[in-house]
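Engineer: Reconstruct the complex from the two isolated chains, following the hints.
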Amino acid sequence: EPEVTQTPSHQVTQMGQEVILRCVPISNHLYFYWYRQILGQKVEFLVSFYNNEISEKSEIFDDQFSVERPDGSNFTLKIRSTKLEDSAMYFCASRAWGGVSNEQFFGPGTRLTVL
Amino acid sequence: AQRVTQPEKLLSVFKGAPVELKCNYSYSGSPELFWYVQYSRQRLQLLLRHISRESIKGFTADLNKGETSFHLKKPFAQEEDSAMYYCALMGGANNLFFGTGTRLTVIP
Chain A
1 EPEVTQTPSH QVTQMGQEVI LRCVPISNHL YFYWYRQILG QKVEFLVSFY NNEISEKSEI
61 FDDQFSVERP DGSNFTLKIR STKLEDSAMY FCASRAWGGV SNEQFFGPGT RLTVL
Chain B
1001 AQRVTQPEKL LSVFKGAPVE LKCNYSYSGS PELFWYVQYS RQRLQLLLRH ISRESIKGFT
1061 ADLNKGETSF HLKKPFAQEE DSAMYYCALM GGANNLFFGT GTRLTVIP
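Taken in sequence, the protein lines are chains A and B.
Taken in order, the first sequence gives residues 1 to 115; the numbers are from this note's numbering.
Taken in order, the second sequence gives residues 1001 to 1108; the numbers are from this note's numbering.
The hints are simulated quantities; they were obtained by calculation from the structure and are not laboratory data.
A portion of the hints provided could be inaccurate.
[Said to hold, decoys possible] Below, in silico cross-link-like pairs of lysine-lysine (DSSO-like), each with a Cα-Cα straight-line distance of 27 angstroms or less:
1) B:K1022 to B:K1009
2) B:K1022 to A:K42
3) B:K1065 to A:K42
4) B:K1073 to B:K1057
5) B:K1073 to B:K1022
6) A:K42 to B:K1009
7) B:K1057 to A:K42
8) B:K1022 to B:K1065
9) A:K83 to A:K57
10) B:K1057 to B:K1015
11) B:K1065 to B:K1009
12) A:K78 to A:K57
13) A:K42 to B:K1073
14) B:K1057 to B:K1022
15) A:K42 to A:K83
[Stated by the list, open to error] Residues on chain A that point at chain B, a partial pick, calculated with CB under 10 angstroms:
16) V4
17) Q37
18) E44
19) L46
20) V47
21) F91
22) N102
23) F105
24) G107
Note that this is a predicted model, so its numbers are computed, not measured.
Glycine included, each C-beta is placed from N, C-alpha and C at the ideal position.
Looking at chain B on its own, in the form it has when it is part of the complex (with noise of 0.2 angstroms):
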């Protein structure tokens, strides 16, 4: 069965230090992974995902198939950066399983 798991549900940092959101999956296929974004009050919104390699607003996440972990990471946090962050795992029927989220703040 598929799982995603947030081990973190609420991360403090400071502005300008680096952030790791933490992700791990368990899925017996090939897995498709992602990371969603909430901005206060708006919806749901890809931020990016493991097949393109891009970085998004300063943020990369690195398929690691030995750990089974997809962990979200930006060198210097920005205050605009506070936000709900999820990841999730893509099934065969192209369905997304998203973890518990871990939300964001940045300190000024």
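Chain A on its own, in the form it takes in the complex (with noise of 0.2 angstroms):
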């Protein structure tokens, strides 16, 4: 059964710095999205892409942040300069279009720890 994948699983990274997630959402997919989770807070939405654009996106996602789907099998969520408390777990989902199915699929998730 395909499944959404991401890398890394944990990235650590010095505050300041540049992150990249990769995600690879399941191939026949069209919505793709972003969410967080902070350590012992609520999974929260990001950022939502379709059709190589962003369909929305939430308060959290500020200037710092961007996404692309560079290659057509590759969704990607840039930190430009890491905060402490970017320190998250980060999750990829995609979604098929249409059809009475709403259902998103996550990924494992990323664990940024920002020092």
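Structural biologist: Here is the structure:
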């Protein structure tokens, strides 16, 4: 059964450094999402992406964040200058087009630690 | 604004006992609600959604618009049900708003 994959599983970085989190969505899916979960808190929506552009973004998704689908298979989240408070688990999700189901399929997550 | 509330962070029940995980929501439009589950060291996965009115692994959830609730129920809990359960509401752009989650522990 196809799954969403994410790399790396754990990323440690210094404050102020740029990080890129990578996701490979399920191949025939058209909608892509990033969520994050700070330790002990709820899963929060960051951004949705469709047809090579951002559909919606939350207040969290400020100018330090960007997303890209560089090659038709990968879906990346870049944080330009990481802050301590960016430490969290980042989940990628993807969804197929239309139909009855609006199910989003989640990746295993990348744990980002900012020192 | 949309909001999902799960009042219980932790819930413990004995094997074979009924279980109910509470979820209340706030949403101005017509809500579409989901329950996601995360077993130990596994990814978030969909358990059930209100529009399909299905029973998965013995769990059911009924949308009560009057009480703005979508509680998850199972008549007889099993040890393998121990997991983190998240109630989620789908927003207008199909992004999910999650509750804080309830960790269910089924005691043998």
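Engineer: Hint by hint, say whether it matches the structure.
Structural biologist: Status of each hint after checking the structure:
1. Restraint check for B:K1022 and B:K1009: satisfied, since their Cα atoms lie roughly 10 angstroms apart, inside the 27 angstroms limit.
2. Among the hinted pairs, B:K1022 with A:K42 is consistent with the structure: their alpha-carbon atoms are about 16 angstroms apart, no more than 27 angstroms.
3. For the hint pairing B:K1065 with A:K42, the CA-to-CA distance comes to about 24 angstroms; that is within 27 angstroms, so the pair holds.
4. Distance hint between B:K1073 and B:K1057 is fulfilled; the C-alpha atoms sit about 11 angstroms from each other, no more than 27 angstroms.
5. Distance hint between B:K1073 and B:K1022 is fulfilled; the C-alpha atoms sit about 9 angstroms from each other, no more than 27 angstroms.
6. Between the alpha carbons of A:K42 and B:K1009 the distance comes to roughly 11 angstroms, so the proposed pair stays at or under 27 angstroms and holds.
7. For the given pair, B:K1057 sits about 24 angstroms from A:K42 by alpha-carbon distance, which is consistent with the 27 angstroms threshold.
8. At most 27 angstroms may separate the alpha-carbon atoms for a hinted pair to count; B:K1022 and B:K1065 meet this at roughly 14 angstroms.
9. In summary, the hint linking A:K83 to A:K57 is supported, as the alpha carbons are separated by about 19 angstroms, within the 27 angstroms threshold.
10. Only pairs whose Cα atoms come within 27 angstroms are accepted, and B:K1057 paired with B:K1015 is accepted, the gap being roughly 15 angstroms.
11. Between B:K1065 and B:K1009, the direct Cα distance comes to roughly 23 angstroms. Compliance with the 27 angstroms bound is thereby established for this hinted pair.
12. A distance of roughly 14 angstroms separates the Cα atoms of A:K78 and A:K57; the hinted pair therefore holds under the 27 angstroms criterion.
13. The straight-line distance between the Cα atoms of A:K42 and B:K1073 is roughly 21 angstroms, inside the 27 angstroms bound, and the hint therefore holds.
14. In summary, the hint linking B:K1057 to B:K1022 is supported, as the alpha carbons are separated by about 18 angstroms, within the 27 angstroms threshold.
15. Note on A:K42 and A:K83: the hinted pairing holds, with a Cα-Cα distance of about 19 angstroms set against a maximum of 27 angstroms.
16. Annotation: interface hint on A:V4 holds; nearest CB of chain B at approximately 8 angstroms, less than 10 angstroms.
17. Interface restraint check: A:Q37 against chain B, minimum CB-CB distance 9 angstroms, threshold 10 angstroms, status holds.
18. Hint status for A:E44: holds, given a least beta-carbon distance of 7 angstroms to chain B, under 10 angstroms.
19. The beta carbon of A:L46 is positioned within 10 angstroms of a beta carbon in chain B (closest approach about 9 angstroms), and the interface hint is therefore held.
20. Against a cut-off of 10 angstroms between C-beta atoms, the interface hint on A:V47 holds, since the closest Cβ of chain B lies about 8 angstroms away.
21. Here the hint on A:F91 is kept, as its CB sits about 7 angstroms from the closest CB of chain B, short of 10 angstroms.
22. With its C-beta approaching chain B no nearer than about 6 angstroms, A:N102 sits inside the 10 angstroms limit, and its interface hint holds.
23. Given hint, A:F105 at the interface with chain B, holds; its Cβ is 8 angstroms from that chain's nearest Cβ, closer than 10 angstroms.
24. Interface hint at A:G107: satisfied, since its Cβ lies 6 angstroms from the closest Cβ of chain B, which is below the 10 angstroms cut-off.
Checked against the numbered hints above, the structure breaks none of them.
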